[in-house]
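Chains A and B, in that order, are what the protein sequence lines are.
Taking my numbering, the leading residue of the first sequence gets 1, the next gets one more, and so forth.
Taking my numbering, the leading residue of the second sequence gets 1, the next gets one more, and so forth.
You may find that some hints are simply not true.
Derived CB-CB ranges, DEER-like [said to hold, decoys possible]:
hint, chain 1, residue 1, chain 2, residue 2, range
1, A, LYS311, B, ALA312, 53 to 61 Å
2, B, ASP309, A, GLY33, 33 to 41 Å
3, A, PRO308, B, ILE60, 49 to 57 Å
4, B, ASN168, A, ASP62, 21 to 29 Å
5, A, GLN355, B, ASN168, 27 to 35 Å
6, A, GLY33, B, GLN163, 54 to 62 Å
7, B, LYS160, A, ALA342, 50 to 58 Å
8, B, VAL2, A, GLY132, 54 to 62 Å
9, B, ASP217, A, ILE60, 43 to 51 Å
10, B, ALA312, A, ASP62, 39 to 47 Å
11, B, ASN70, A, LYS311, 31 to 39 Å
Computed far set for chain B versus chain A, every beta-carbon distance over 10 Å [as the list claims (entries may be wrong)]:
hint, residue
12, TRP162
13, ILE176
14, GLY207
15, PRO216
16, ASP286
17, ARG293
18, LEU314
19, ASP318
20, HIS322
21, ASP325
22, LYS344
The hints are simulated quantities; they were obtained by calculation from the structure and are not laboratory data.
Where is the CB? At the ideal position from N, CA and C, for every residue including glycine.
Number of protein chains: 2
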Amino acid sequence: MVVGILGGGQLARMLALAGHPLGLTFVTLEPAGDACSAAVSEQIQGAYDDESQLLALAKIADVVTFEFENIPAHSVALLSDKVPCYPPAEALAVAQDRLNEKQMFNRLNIATASHQSVNSFSELKQAINELGYPAVLKTRRDGYDGKGQAVLRSETDLEKGWQAVAENPSIVEVLIPFDREVSIIAARSRSGEIACYPLTENRHQEGVLRTSIVRPDDPLQGLAERYINKLLDEMSYVGVLALELFQVGDQLLANECAPRVHNSGHWTQDGAVCCQFENHLRAICDFPLGSTRPAGQIAMLNLIGKLPDSKAVLAQPDAHLHLYDKAPRSGRKLGHINLCSADKQHFEAQLEALQALF
Amino acid sequence: MVVGILGGGQLARMLALAGHPLGLTFVTLEPAGDACSAAVSEQIQGAYDDESQLLALAKIADVVTFEFENIPAHSVALLSDKVPCYPPAEALAVAQDRLNEKQMFNRLNIATASHQSVNSFSELKQAINELGYPAVLKTRRDGYDGKGQAVLRSETDLEKGWQAVAENPSIVEVLIPFDREVSIIAARSRSGEIACYPLTENRHQEGVLRTSIVRPDDPLQGLAERYINKLLDEMSYVGVLALELFQVGDQLLANECAPRVHNSGHWTQDGAVCCQFENHLRAICDFPLGSTRPAGQIAMLNLIGKLPDSKAVLAQPDAHLHLYDKAPRSGRKLGHINLCSADKQHFEAQLEALQALF
């Protein structure tokens, strides 16, 4: 079976690495000439909205998926006419627009921070009057890794914030004094089977994920699963979905969802029976889902901007190195380390040793 | 770093799949046009003794290894002049000749079945007079998966046996009434670090491995480790070495060694912290070795000749499917299943369900 992927970055690369053992082969549609998926998949070099290349992909592929959500909706619509395409276009449309996303959460009784839509500077001022400070202003579309966002702490931040979102249609929401940021990742197959991974606790710096720690017996697991189950069923979703949440006391507030394999699920490559990449492929290829059971004490550390010495990483016996074959550049995700130990003592010593390498 | 591999079969494929996350890239030298490693590595299409292609490989690769032992020794010698090449040529030379191999075992006080070298039919008769029936006749060179072997149970088998080895220089050895066939797999790095995996118990049919069951706390682990440590150090070995053994009571008799990643170690992909493929690459690339710790109840089932339905395999939640992208053909290894369960009860039920698919 040939799997087509829109995008040829590290997520496509890791999908292909997970899928070859299942007998799948891969072809990406990707404009970059140095795509990091190229060593493990065929590539059609072209833009995501190039109709002739999209049709070429549809001709080769038995099923099509995407590795990031900023794919033109009409590209997915065009593909969906020709070949099974998962996750469904509706999920993509929802995830591409923060307002639609928040409205879906609330419609399904999934708690969120209070928020308002703003389309002009005067609407922004009006919304802030109701919500109060501190607040966060975010573009409805095309934001990721903290881009297209601004924190508003007082009236003096309003003008600057409105420039940060380039005067685009946005939402403004109450800045939540959360206890933790967590995420849950789940897969739903074409037959409607659902499998959830345990919660991870995520630490960001400058809007970019740095560390995920797996929390297998988290008291909020059940609530997070109820949330993501509602979302999966509502969208008749197929594939892996990630849901980012803020914990406030014993509450979980949904922040955003990503209709794809997710950075906070990379730990599953070494820490779960079946990883998120394989489960995404199983889901879209109509195979039964694999077990999401975790093993031991697990963390994932992102390698951003520059790489530590591989020998120093691999000197930690429970460390797994995952490099993306990308040239180092400030702020760029170049790889990650999964640390999976049998017990807390070995885990903590190695985590400390690894963190000292950065 | 670019790793060159002589051979482009499933072992090269699985080496590449394990190595991409370490930031390695791969190029094989392989005559076949439909090499199953091709989806995950570059290929130089050529014979293993084609000097110009060997030189082309040496030019591209930072380190060279091989995926099977029937590589012409002079090819490895030629490569070794140009580029680091592991395992060392000496290990290859020993493993290519059953007599040299057995002599090395005995020189290192590693027990074997009694055996004799035979170069003619009369030498065969003479050897049998000393060793008695039943015995096994094996070509010194080029035998694998039970090919080039004959069991001798009485005088009437002698002529047929001598034809089975095509009158080639051979060894004849006492047929051991063994309790179990086991193997141990170990890696030795360029710096001399050694890591051993737990013993597996292997079941063959018609000379071909069918099933390996992992035995993490086997009472014979220590003896097997002493044997393989001696071999690794004797040969200044670098890479993964497999040693097949017969258990007779509380004794282990060495049968043969393979200077490469080995079918009885495929379980490590899903059942050990660091798999044999990654540890082979770590060893030859001068990285620290990864942990060989197993997790839970583990078995490996070979898929030979034809494939079961993937959906039926993946319906077992702890099953991992590994297909080699090879066309089905009688007796051909097409893939394997790794089963890794947290407890004995789940393991046995799923093992039974999987075995019912064949």
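Quick rundown of the hints versus the structure:
no., hint, verdict
1, A:LYS311 / B:ALA312: 53 to 61 Å, "violated (43 Å)"
2, B:ASP309 / A:GLY33: 33 to 41 Å, "holds (40 Å)"
3, A:PRO308 / B:ILE60: 49 to 57 Å, "violated (27 Å)"
4, B:ASN168 / A:ASP62: 21 to 29 Å, "violated (48 Å)"
5, A:GLN355 / B:ASN168: 27 to 35 Å, "violated (59 Å)"
6, A:GLY33 / B:GLN163: 54 to 62 Å, "holds (59 Å)"
7, B:LYS160 / A:ALA342: 50 to 58 Å, "holds (53 Å)"
8, B:VAL2 / A:GLY132: 54 to 62 Å, "holds (58 Å)"
9, B:ASP217 / A:ILE60: 43 to 51 Å, "holds (49 Å)"
10, B:ALA312 / A:ASP62: 39 to 47 Å, "violated (20 Å)"
11, B:ASN70 / A:LYS311: 31 to 39 Å, "holds (33 Å)"
12, TRP162, "holds (43 Å)"
13, ILE176, "holds (36 Å)"
14, GLY207, "holds (26 Å)"
15, PRO216, "holds (13 Å)"
16, ASP286, "violated (8 Å)"
17, ARG293, "violated (7 Å)"
18, LEU314, "violated (5 Å)"
19, ASP318, "violated (6 Å)"
20, HIS322, "violated (4 Å)"
21, ASP325, "violated (7 Å)"
22, LYS344, "holds (16 Å)"
Consistency with the previously given hints fails for numbers 1, 3, 4, 5, 10, 16, 17, 18, 19, 20 and 21, ordered from lowest to highest.
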